[in-house]
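Student: Protein chains in written order, with our numbering: chain W, 324 to 609; chain R, 324 to 609; chain D, 324 to 609; chain Y, 324 to 609; chain A, 324 to 609.
No wet-lab data here; the hints were simulated from the structure.
There are no misleading hints in this set.
Identical copies carry no separate label here, and so any pair may be met within one copy or between two of them.
25 Å max Cα-Cα, derived BS3-like pairs, lysine-lysine:
| no. | residue 1 | residue 2 |
| --- | --- | --- |
| 1 | Lys535 | Lys597 |
| 2 | Lys372 | Lys535 |
| 3 | Lys556 | Lys603 |
| 4 | Lys385 | Lys597 |
| 5 | Lys418 | Lys572 |
| 6 | Lys530 | Lys597 |
Everything numeric in this text was worked out from a predicted model, so none of it was measured.
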Amino acid sequence: MIGLTLGIVLVLGAILPKASILIFIDVPSFIIVAGGLFASTMVSFDFSKIKDSFQMMTRLMKNANVDMRTDLEVISLFARRVRTGGMLVLDEDIKHLNDEYLRNGLQLAVDGFKTDSLNSILSDEITSEENMSDTAISVLTAMSNFAPAFGMIGTVIGMVLMLQNLSDPEALGAGIAVALLTTLYGSMLSNMLFAPLAGKVTYLAEKDLNRKKMFRVAILSMVEGENPRIMEKKMLIYIEPAERAEYVKHHEGLKIMKARDEKLYKLWKEQQGKEWENLKKILEPG
Amino acid sequence: MIGLTLGIVLVLGAILPKASILIFIDVPSFIIVAGGLFASTMVSFDFSKIKDSFQMMTRLMKNANVDMRTDLEVISLFARRVRTGGMLVLDEDIKHLNDEYLRNGLQLAVDGFKTDSLNSILSDEITSEENMSDTAISVLTAMSNFAPAFGMIGTVIGMVLMLQNLSDPEALGAGIAVALLTTLYGSMLSNMLFAPLAGKVTYLAEKDLNRKKMFRVAILSMVEGENPRIMEKKMLIYIEPAERAEYVKHHEGLKIMKARDEKLYKLWKEQQGKEWENLKKILEPG
Amino acid sequence: MIGLTLGIVLVLGAILPKASILIFIDVPSFIIVAGGLFASTMVSFDFSKIKDSFQMMTRLMKNANVDMRTDLEVISLFARRVRTGGMLVLDEDIKHLNDEYLRNGLQLAVDGFKTDSLNSILSDEITSEENMSDTAISVLTAMSNFAPAFGMIGTVIGMVLMLQNLSDPEALGAGIAVALLTTLYGSMLSNMLFAPLAGKVTYLAEKDLNRKKMFRVAILSMVEGENPRIMEKKMLIYIEPAERAEYVKHHEGLKIMKARDEKLYKLWKEQQGKEWENLKKILEPG
Amino acid sequence: MIGLTLGIVLVLGAILPKASILIFIDVPSFIIVAGGLFASTMVSFDFSKIKDSFQMMTRLMKNANVDMRTDLEVISLFARRVRTGGMLVLDEDIKHLNDEYLRNGLQLAVDGFKTDSLNSILSDEITSEENMSDTAISVLTAMSNFAPAFGMIGTVIGMVLMLQNLSDPEALGAGIAVALLTTLYGSMLSNMLFAPLAGKVTYLAEKDLNRKKMFRVAILSMVEGENPRIMEKKMLIYIEPAERAEYVKHHEGLKIMKARDEKLYKLWKEQQGKEWENLKKILEPG
Amino acid sequence: MIGLTLGIVLVLGAILPKASILIFIDVPSFIIVAGGLFASTMVSFDFSKIKDSFQMMTRLMKNANVDMRTDLEVISLFARRVRTGGMLVLDEDIKHLNDEYLRNGLQLAVDGFKTDSLNSILSDEITSEENMSDTAISVLTAMSNFAPAFGMIGTVIGMVLMLQNLSDPEALGAGIAVALLTTLYGSMLSNMLFAPLAGKVTYLAEKDLNRKKMFRVAILSMVEGENPRIMEKKMLIYIEPAERAEYVKHHEGLKIMKARDEKLYKLWKEQQGKEWENLKKILEPG
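Can you make the complete structure from the sequences, with help from the hints?
Tutor: Structure (structure tokens):
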């Protein structure tokens, strides 16, 4: 979003000294481009699919800066508590989890679901999200392709309107200018909005699915009663090599596990999804 | 269709205050675009293939809002009746089934076809539909590609005509305007009609094939005399995870199966293909 | 071909009321487009490959309306005759077969080739045809891509010529009109000729290869001395599900095989490649 | 090359009656297109890779008309001589072989290399050529994509130059004409040179690799001391079905092998790479 | 870089005689293109990813001329020293290694890591680099696609600005000229910078990953205590066939290994990454 704002500020900064921004605003032109774009997208996809796509996009944006190593710290803590107190020890804490997938999954585990049915439910939800993110990317790509086409259609409409009424030749320039606005709108919608968003959703959906897969592995490991260290190893596979190396190196140097766990238990509720680097600093003095 | 209508209304609403819609209508221009488009599509594909494609498209459109959970309720009811009364108990009911595939399949089952030959007939029909939907998508994609090309060809023809007869320079503007109309027609046919329809057919054909596969599994399960609960589980795989979860949850809470079955048996004929959510409400009071 | 003719008639019908067709004809413009297109295609492919491609195309066109069920009837008849009289009974009939692949294959079988070497010869010919049809599609696709490029090159040449000699400003319009003709020729060659033909060849080659594979299966089955009914089943796999179902249903109802065979033996020579529906009507009275 | 020449002659023939060819020649315009094209290709690929690509291209062109059946005749002769006299009998003949790969491979065989290490050397060279031809095709495709882009850049540069200096409005036409020349150069370089060459190299490299693979099989077979007839069968797999059938049929009819071998041994040095059809005629009288 | 400079010099050389370079410089036009490009790339990718991509690119450029045969000589020397003195003999030398991957890997080996964990760390780093280079290529390709789009958007903005203020018709030409500059900037950024860089990074990343894989094989072989000759054979697989053949041939002719090793040990620190051909000449007199 910072990128988009900065880009618009730069472009406006380059234009404004020369002319008022008002000459770039023409409501009927915008209606032609947006209306055509909306109609074609509606025919290509179901309305419900389009709505789902945009909801998914906003959800992914919110999770964009999540650090999976913080998840790892918190879930490892949970696993150590489960190891001593059983699954029910989490019953109260679960309600404070921000991530819906993790919260629901752990709730089912606490409710006593067996590994098999739990795995099938958790995997189903991942498949469902994969389908949804594929649809969201298709919708944004289709919009990115339709936008310039309707920009061009609008310009042709504008040219035809103008050329048919050449009573006032002085208005020729202004007429062409207005006709060109739809091309401008179409190109900007495509290149500054839909195409970059399609790229971003591709990237964020992959990241989010990876995180869900890590959660699935962790929940199943807890239900199976595996050693928390083994669970940690399985979860580490989902973290990028560079971050993983840093995490492993840091944990090798740690000794007083118990004191650290107590500190972490106090902090985890407000640290969810935050940078692990900061959490690390708070947990270990100096 | 709502999307298409809304889009056209918006675009017209943006244009009409400025000029009469008549200046956008030119029959010879339309004949050039539509004629060229028609000719090229006819050469690329057989006429019979094109006709089949459009028939398939209209059939898919009609089934667009079918809810597979309603199918599931009805077929489960059938399976429970078959379980007690044998396959022949369906002989009368089958005639009232809307879906041709399900009707023919169950008829063959009632007629006593064995699992193997039944499976081969049902699978053949699915393969045949897959080929037909692939052809339909190819036809629409080809038309979406040819339309702007003939729009451009028409504009070049219009420009040549106009430039050769420059006796009246005042007619220049109107001449260009008319020449541009073919570009407009070509772009609109491509971006408002053929490209979105190709997208829609892709989506609907996948949905319809999935439904047919669910029917195949159900028919074969009945012929094999499997427990209706096992048949239900096999059918559930073809339903989207979110809808499946809702369906399963709802049925877990159900107790008085027999009364519900009787109510459903009275209702199923007019409920085929309707929303399951509504059927659910009618079946369970409060 | 009907499609192409109809398209051209429609386009001409839309243009002719406005101007003479002569203003669209300019031999040097056509030479630029066709010459450039020819040169580039010649460099990209061998001349022999291009010639082979066009020969293959015409051969495929001739077989476009062949009905594989008629082949099935005739070959089944042959197989029944072979079953009683041995392979040599076909020696005379083979010469009247229209299809070269089937004729050569059966001739080799009559000459006493063993299954293994016969299979290798028949398969080689299929591989060779697959390569040839791939090349033919590449050639047509390349021509479809080069044509508009040379149309554009011709227009730029025309514009440069005209702009260098602006002595007579009144000739400006006519000059641009002539320059635009190459763009028109290039676009029409691409969109009305080469692109649709590439689509058609793709479709027809697939159909023809499928037919050859059916012939291979039939010839090998006869040489092996298999039961004609088993051969028929193997051949049916290559026929489209809808047509297959119709054929199978019709043959289930047939009883007096011998009389039918005698009638068919009199007719097959002039029925080869004709519609099976008609053959069926002739064979069975009423 | 004939195709290219013919195409240029046709295009020139269409233009020259109208104007001098000189108006299409503008050195600075050509430098902009060729310079930009050269710079971008140099950044995309190493200079050494580009040089290798063009060397490979010229080598492939020279071998374009080689007939692999002539290779087959010669190598079969060699194999029969090795069968009686041992590998060393070829020591003198090898030096007269035109093809470097075959010459080096046989030299290594004469030098006593074992099958394993010989196979690894011969295969390495084939892999190396595959990489080189892939690079050559990438280079030509990149040049085919860059050329029109720099044509367009040159035209924009020309337009800016001209529009900034509108002191003499009469020079407007000539100015646009010159600006358009870069577009013309870019399109012609792409569509008449680089794109067709990329197609040709793809085709020729495949043919050449196939020939090398046939040589590898032959050399290994000789070293292993296999029967020349078996070697011939293995080599035949690499020849196109149609040519293979003709070759096999011709050799079935041959009887006096010894006399033919002596005649061939006298002729092979000047027949390498020539048409097999001619060689066949020379060897067998009438 | 030489290519880019030469290209720019050629293009400038073709333009400068006609006009001052200043008419091609317009800061607001550049801000529109670069700002839009920057904004869209920022939305499509994370800022950190873009930064990483450019860092990777500069690192790859620096290693562009590395000769892997020099690496092979040096590592073979190391392996021979390890063979006699054990892994610890390298402790001092490692610090002088230029390549970070090789230095870290050997350090871990000296520190006593076992084969398994060493292999997993070394492979992780290769996977991580593969992901990073894929991202870098995506970023450059996206920038290459966005640049011309924003060039076009800028030109439309410029045309609208100019056409709205047609008070001074004499300024028309200059206005169009300025508007065209953004198209020029966009096309040049795409075709002279981003597209060629994407090609170069693809090529260099592949080369660098190949080199890292060779290092991995070498380090693991030393830790396993394999014969240096076997390690050399394993490493040779990663070197191009032509270079490999030359290297192998040269080493077959070598006799006085010990003296050569001593000479090489004195030289290796300043020879890292240099041409092997030169190193070879220095090591062997005349």
